[in-house]
Amino acid sequence: MAPDGLTVATPVVRNQSPPRRRRVRLPSRRGLALWSGVTLLAIIVLASVLAPLTSPYAPNTIALKATLQPPSMLHWFGTDQLGRDVLTRTLYGGRVSLTIAASTVVLAGLGGMFIGIAAAYLGGIFDMAVMRLAEVQYALPAVILAILLVGVFGSGTANVVLVLTLTNWPRFARVIRAEAQSLSQRDFVLLARMAGASRLRIILRHIAPNLRSTFFVLLTLDIGLIVTLEATLSFLGLGVQPPTPSWGGMIADGRGYLDRAWWTAILPGSVLMLTVLASNLIGDALATTAGTERAE
Amino acid sequence: MSPLLHVETLRIAAGPHAPALVDGISLELDRGKALGLVGESGAGKTLACLALLRLLPEGLHIQDGRIRLDGQELTALTDTEMRRLRGGRIGMVLQNPLSSLNPLMRIGDQIGEAFAVHRGVRWRTALWKLAVEALRAVRIPTPEQRVSAYAHQFSGGMRQRVAITMNIACAPDLLIADEPTTALDATIRLQVLRLLGDIRRERRMALILVTHDLPMVARFCDDVAVMYAGRIVERGPVEAIFANPAHPYTRGLIGATPRLDGRRRLATIAGQPPSPGSIASGCAFASRCDVADAGCRQGRIDLLDLGEQRAAACRKPFARPPAEAAA
Chain A
6 MAPDGLTVAT PVVRNQSPPR RRRVRLPSRR GLALWSGVTL LAIIVLASVL
56 APLTSPYAPN TIALKATLQP PSMLHWFGTD QLGRDVLTRT LYGGRVSLTI
106 AASTVVLAGL GGMFIGIAAA YLGGIFDMAV MRLAEVQYAL PAVILAILLV
156 GVFGSGTANV VLVLTLTNWP RFARVIRAEA QSLSQRDFVL LARMAGASRL
206 RIILRHIAPN LRSTFFVLLT LDIGLIVTLE ATLSFLGLGV QPPTPSWGGM
256 IADGRGYLDR AWWTAILPGS VLMLTVLASN LIGDALATTA GTERAE
Chain B
457 MSPLLHVETL RIAAGPHAPA LVDGISLELD RGKALGLVGE SGAGKTLACL
507 ALLRLLPEGL HIQDGRIRLD GQELTALTDT EMRRLRGGRI GMVLQNPLSS
557 LNPLMRIGDQ IGEAFAVHRG VRWRTALWKL AVEALRAVRI PTPEQRVSAY
607 AHQFSGGMRQ RVAITMNIAC APDLLIADEP TTALDATIRL QVLRLLGDIR
657 RERRMALILV THDLPMVARF CDDVAVMYAG RIVERGPVEA IFANPAHPYT
707 RGLIGATPRL DGRRRLATIA GQPPSPGSIA SGCAFASRCD VADAGCRQGR
757 IDLLDLGEQR AAACRKPFAR PPAEAAA
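Here the protein sequences line up with chains A and B, keeping their order. Here my numbering = 1-based position in the first sequence + 5. Here my numbering = 1-based position in the second sequence + 456.
Next comes chain A alone, as it looks inside the complex (with noise of 0.2 Å):
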């Protein structure tokens, strides 16, 4: 110690002190949970796909003498009450049920997105017409609107995506409405319009690319809400019907057998809880990382 009360810093000699050691960088906390997030929904999707090669039975084959079987090496997840096998029927329902929510997801979050960017663009009567149709949806709880609409489409795979796009649609259109509202006030949109740019090439080439990194987190955090949709109406008896395996329908069948047989609704429930929350690790992942992004 210096006697004026100064602390004399000590010169340190790089060359001489030991080689560090490496440290192991350990990811982020939202590294970690987008990577969880992507093996999870991986692993889930991977299986889902491959559950013909690689399953030893078929989905809908029935053995009464092998009914309501506890998991076991045989059969993983057990068996049901026609003796099918749940593990098999898990995978080949998420095949079902993934296909049903991507192509909804796509579907609704193009259509919306499209709507959105013309109801911003255009305004007026368009924008007043979209925006309170969504919020009209918004008012009424989901499940009903699209047990509503299942009685005018009917059931089925194809109505299924079909109700579901519809109930799904305006989340995405508010959203992206109100970011390319935002992002046509910014001064790179005004310099193209000062640049003569039409209201065409604006959209396309400046709105739209901006609005990548909220639609695909709008798109990864739908992915979970439109499973539970689909998993909802195919319980209730509304979307898939049997014998196609669907999460929704093995939960609905397995209730009965709850106190017996638990395996048959819980293990199928497990799969489709796992696939919300990846999805939604996934999203909200994103949806920080585009945060950050925008703030800086």
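Please note that the accuracy of each hint is not assured.
What the hints assert, rightly or not - So the derived label-pair ranges between C-beta atoms look like this:
#: 1; chain 1: A; residue 1: R206; chain 2: B; residue 2: T638; range: 22 to 30 Å
#: 2; chain 1: A; residue 1: F119; chain 2: B; residue 2: T713; range: 52 to 60 Å
#: 3; chain 1: B; residue 1: A723; chain 2: A; residue 2: T294; range: 47 to 55 Å
#: 4; chain 1: B; residue 1: A605; chain 2: A; residue 2: R206; range: 18 to 26 Å
Calculated directly from the structure, the hints in this document are not laboratory data. Glycine included, each C-beta is placed from N, C-alpha and C at the ideal position.
Place chain B on chain A using the hints.
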């Protein structure tokens, strides 16, 4: 010869009965000349410029007046015709270069946009070739490599030069620069201004420079127009006005310019500019003016021709406050 730009009694408001935000301004600008448009924030400088491009913010309209560019009446054009003019014959540069480029577009594509819109150039290779030439003209080093970069890889001064490039790429007759250097630091500011000056001379382009910076106007402009509360209160050649301002507001502005050698306190203009519509009659500056009398608060005070191409909207041009006159 008729002037390149002729603005007559331009009035901008939210509606026919709403208070005017720009109240009957008239301007003339010859080819190759530079006009400095100065005034406090909210005086209507930017609105007047946006009106020239017919890009007023939503809700505001040109209520009255005429804007002629090279004899062509802009207020009568259709939207499509007006769009062809923007970036083609009139260009505009904005204040903040950091936000005026699209973060997801390569510089070459962004500059190329002007060529694509106005010259119908289609292919990226051709657009980039034109962009490289345009970048070279604004003295961006190694433009061949720069065209493929994104905006975030450029510094503020370079981004402003890119924004300028975008708007002069198609050789406009008139460039409006709305505080082009406010967001830049002092050395870059000079570079950008010199660049604008050179381009102006080379291409005989007229320039409207909107700014708070009076020394900048003195150095780079031929004429100056001082705006206050939506009106032009004084206009004329730069040297004459800076040597002997006629309007008390101009005198106040010049007095409020900081000097490095000054030992005296920086002069200020007391009070605040009036909000639109709050002045019923008389001179809008009367309440802050040190030579105003009762007569200044009545009637409408129009621009008064002072000779030597000068005009001021003041009843007592060149008047000095009693204290200063005695000293």
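For each hint, the structure was consulted:
no. : hint                        : result
1   : A/R206 x B/T638: 22 to 30 Å : holds (29 Å)
2   : A/F119 x B/T713: 52 to 60 Å : holds (54 Å)
3   : B/A723 x A/T294: 47 to 55 Å : holds (52 Å)
4   : B/A605 x A/R206: 18 to 26 Å : holds (22 Å)
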